[in-house]
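Enquirer: Here are the chains, one letter per residue:
Number of protein chains: 2
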Amino acid sequence: MKIGLIRVLTLEDEKLLNLHGRLIERAFPELKVVTRCIEDQPKGIYDDKTEEIAKPKILKLVKEFEKEGVNAIIISCAADPAVEEAREVVSVPVIGAGSAVSALALAYGTGIGVLNLTEETPKVIKRILGKNLIAEDHPEGVRNTLDLMTEWGKREVIKAAKRLKRRGAEVIVLGCTGLSTIRIAPVLEEAVGIPVLDPVIASGAVTLYALRRRVLDEG
Amino acid sequence: MKIGLIRVLTLEDEKLLNLHGRLIERAFPELKVVTRCIEDQPKGIYDDKTEEIAKPKILKLVKEFEKEGVNAIIISCAADPAVEEAREVVSVPVIGAGSAVSALALAYGTGIGVLNLTEETPKVIKRILGKNLIAEDHPEGVRNTLDLMTEWGKREVIKAAKRLKRRGAEVIVLGCTGLSTIRIAPVLEEAVGIPVLDPVIASGAVTLYALRRRVLDEG
Numbered sequence: 076m077k078i079g080l081i082r083v084l085t086l087e088d089e090k091l092l093n094l095h096g097r098l099i100e101r102a103f104p105e106l107k108v109v110t111r112c113i114e115d116q117p118k119g120i121y122d123d124k125t126e127e128i129a130k131p132k133i134l135k136l137v138k139e140f141e142k143e144g145v146n147a148i149i150i151s152c153a154a155d156p157a158v159e160e161a162r163e164v165v166s167v168p169v170i171g172a173g174s175a176v177s178a179l180a181l182a183y184g185t186g187i188g189v190l191n192l193t194e195e196t197p198k199v200i201k202r203i204l205g206k207n208l209i210a211e212d213h214p215e216g217v218r219n220t221l222d223l224m225t226e227w228g229k230r231e232v233i234k235a236a237k238r239l240k241r242r243g244a245e246v247i248v249l250g251c252t253g254l255s256t257i258r259i260a261p262v263l264e265e266a267v268g269i270p271v272l273d274p275v276i277a278s279g280a281v282t283l284y285a286l287r288r289r290v291l292d293e294g
Numbered sequence: 076m077k078i079g080l081i082r083v084l085t086l087e088d089e090k091l092l093n094l095h096g097r098l099i100e101r102a103f104p105e106l107k108v109v110t111r112c113i114e115d116q117p118k119g120i121y122d123d124k125t126e127e128i129a130k131p132k133i134l135k136l137v138k139e140f141e142k143e144g145v146n147a148i149i150i151s152c153a154a155d156p157a158v159e160e161a162r163e164v165v166s167v168p169v170i171g172a173g174s175a176v177s178a179l180a181l182a183y184g185t186g187i188g189v190l191n192l193t194e195e196t197p198k199v200i201k202r203i204l205g206k207n208l209i210a211e212d213h214p215e216g217v218r219n220t221l222d223l224m225t226e227w228g229k230r231e232v233i234k235a236a237k238r239l240k241r242r243g244a245e246v247i248v249l250g251c252t253g254l255s256t257i258r259i260a261p262v263l264e265e266a267v268g269i270p271v272l273d274p275v276i277a278s279g280a281v282t283l284y285a286l287r288r289r290v291l292d293e294g
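Protein chains in written order, with the numbering used here: chain A, 76 to 294; chain B, 76 to 294.
Mixed in with the good hints, there may be bad ones.
The list makes no distinction among identical chains, and a pair is therefore deemed to hold if it is satisfied within one copy or across any two copies.
To be verified - Pairs of lysine to any residue, SDA-like flavour, derived with a Cα cap of 20 angstroms:
| # | residue 1 | residue 2 |
| --- | --- | --- |
| 1 | K132 | G119 |
| 2 | K240 | E159 |
| 3 | K206 | E143 |
| 4 | K206 | T185 |
| 5 | K198 | T185 |
| 6 | K201 | T185 |
| 7 | K240 | R162 |
No wet-lab data here; the hints were simulated from the structure.
This structure is a prediction, so every number in the text was calculated from the model and none was measured.
Pulled out of the complex, with its shape left as it was, chain A reads as follows (with noise of 0.2 angstroms):
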């Protein structure tokens, strides 16, 4: 099954733009996944103003991979940035990284605490966890997933994420795909002794639950 991965920042180097896409074949090798970037945005989007920007370029390119036969679509965003506006316009599953991620926690526990990299936790991911959301926090001093590669990054993140448990998270989401890319997930893990959940492996999980279901449907 063929699938379309959305990166929201302008990726030059071929390796860094299917990373997403190479951790979801992975997981599930079920999913051969295609991956395309939106143009001229290489800061990717940090705020409502670049979101709005690269909304418009988002559906051009979501509007293509279902030209081009895809089975489903991934926003590979943990601000799931037009994933509304995607499926008004097309007629395969279009699944969001931040709504995925959150979703899937639910059904891992209550107690839901966010790790976010620098910035608030994205509205998607508020809106879905409710009043299961018990926790939110960052690392200190980390200001991109550059940092977080550095020996005091990585303490900083693992602090950030025992912080959360503390507080009485049950399961961690990790707020930000740049934490996927640095693929942090087990570090914590292993570190926290709970649940840390990736948004990008959890948008797959997704994709293929959207895809059976409906073979099975038909079958």
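Position chain B relative to chain A; hints supplied.
Expert: Then chain B, alone, in the frame of chain A:
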């Protein structure tokens, strides 16, 4: 991957006993499902008292399954009976059909309608959906799944699904695994034109996610 599935009512008929497991295997052939049911409750769980009586029986089966080396355990009931308690006593993932389907619904949209058989919406579904639960309904005059297999029963359940859609539901969650037994989801989806999510299939998807995200972490 071997999954232990628990039916929370006593079923003598092997085919009926194994039906939920077969549905999961058809949608997710990656999973091999072994089914057991609790003893001495031919009417299953239908109120708080029968839930309390069932809980120790469920926990007994949960421990048996873990001892036999299953990779995950599904409690195939939309009320998630003993799911939280089971997570305390075993180390393999424990998935409840009610939490699984309501969680996955939130990856589809935020206006969720719940279609019940007769009783109230299960508490776990209410807790997970929170403010995203916008409507609840059930087929008029229907007392059990046998009624739903009649022509008038089917008409009533379609009417109830249409009412949910009129009240703004973007997605319908089936609030009883009895509705999975009779495979009503595709019939309703065809009739109302919005996704209708089946709790048994949803529990299979969440189980596959729970197992695959771990495989990836170890790799």
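Enquirer: For this structure, which hints from the list above don't hold up?
Expert: 3
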